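Visitor: Sequence:
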Amino acid sequence: MGTKAWFCDPSAPWQKGSVENMNKRIRRYLPRETPVLATTNLSIKSICDTLNATPRKCLGYRTPNEVFSEKLRNIQRATC
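Here the sequence shown is numbered in this note's numbering, starting from 30 and rising by one per residue.
Heads up, some of the hints might be wrong.
[What the hints assert, rightly or not] 30 Å max Cα-Cα, derived DSSO-like pairs, lysine-lysine:
no. : residue 1 : residue 2
1   : K33       : K74
2   : K53       : K33
3   : K74       : K100
4   : K86       : K74
5   : K86       : K53
6   : K86       : K100
[Said to hold, decoys possible] Here are the computed distance ranges between Cβ atoms for each label pair:
no. : residue 1 : residue 2 : range
7   : D38       : R106      : 34 to 44 Å
8   : V96       : I55       : 17 to 27 Å
9   : V96       : L71       : 18 to 28 Å
10  : N103      : E62       : 35 to 45 Å
11  : A107      : A67       : 19 to 29 Å
12  : A107      : Q44       : 26 to 36 Å
For the record, the hints were derived by calculation from the structure and aren't laboratory data. The structure displayed is predicted, hence computed values, not measured ones. Each residue gets a CB set at the ideal place from its N, CA and C atoms; glycine is no exception.
Could you build all of it, start to finish, from the sequences and the hints given here?
Guide: Okay, structure coming up:
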């Protein structure tokens, strides 16, 4: 898929803005004091579904689901 790996320095949140942004989005649904182990799989799946259906500026106001589906279709076409 052409994905690149990049490793941040420890305790350097400014080096990973997109990760910090996602953490903030997740905290809307799971505040810091929420015991994650007490959260149901269904609840976590619902949060994931909501986040993946939310348009993002960095994706040209498309959703992560849309971008992933498009990439997957392109890969499938290339292998046929």
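Visitor: Indicate, hint by hint, whether the structure satisfies it.
Guide: Hint by hint, here is what the structure shows:
| no. | hint | result |
| --- | --- | --- |
| 1 | K33 / K74 | 26 Å, holds |
| 2 | K53 / K33 | 23 Å, holds |
| 3 | K74 / K100 | 22 Å, holds |
| 4 | K86 / K74 | 23 Å, holds |
| 5 | K86 / K53 | 16 Å, holds |
| 6 | K86 / K100 | 18 Å, holds |
| 7 | D38 / R106: 34 to 44 Å | 39 Å, holds |
| 8 | V96 / I55: 17 to 27 Å | 19 Å, holds |
| 9 | V96 / L71: 18 to 28 Å | 25 Å, holds |
| 10 | N103 / E62: 35 to 45 Å | 42 Å, holds |
| 11 | A107 / A67: 19 to 29 Å | 44 Å, violated |
| 12 | A107 / Q44: 26 to 36 Å | 33 Å, holds |
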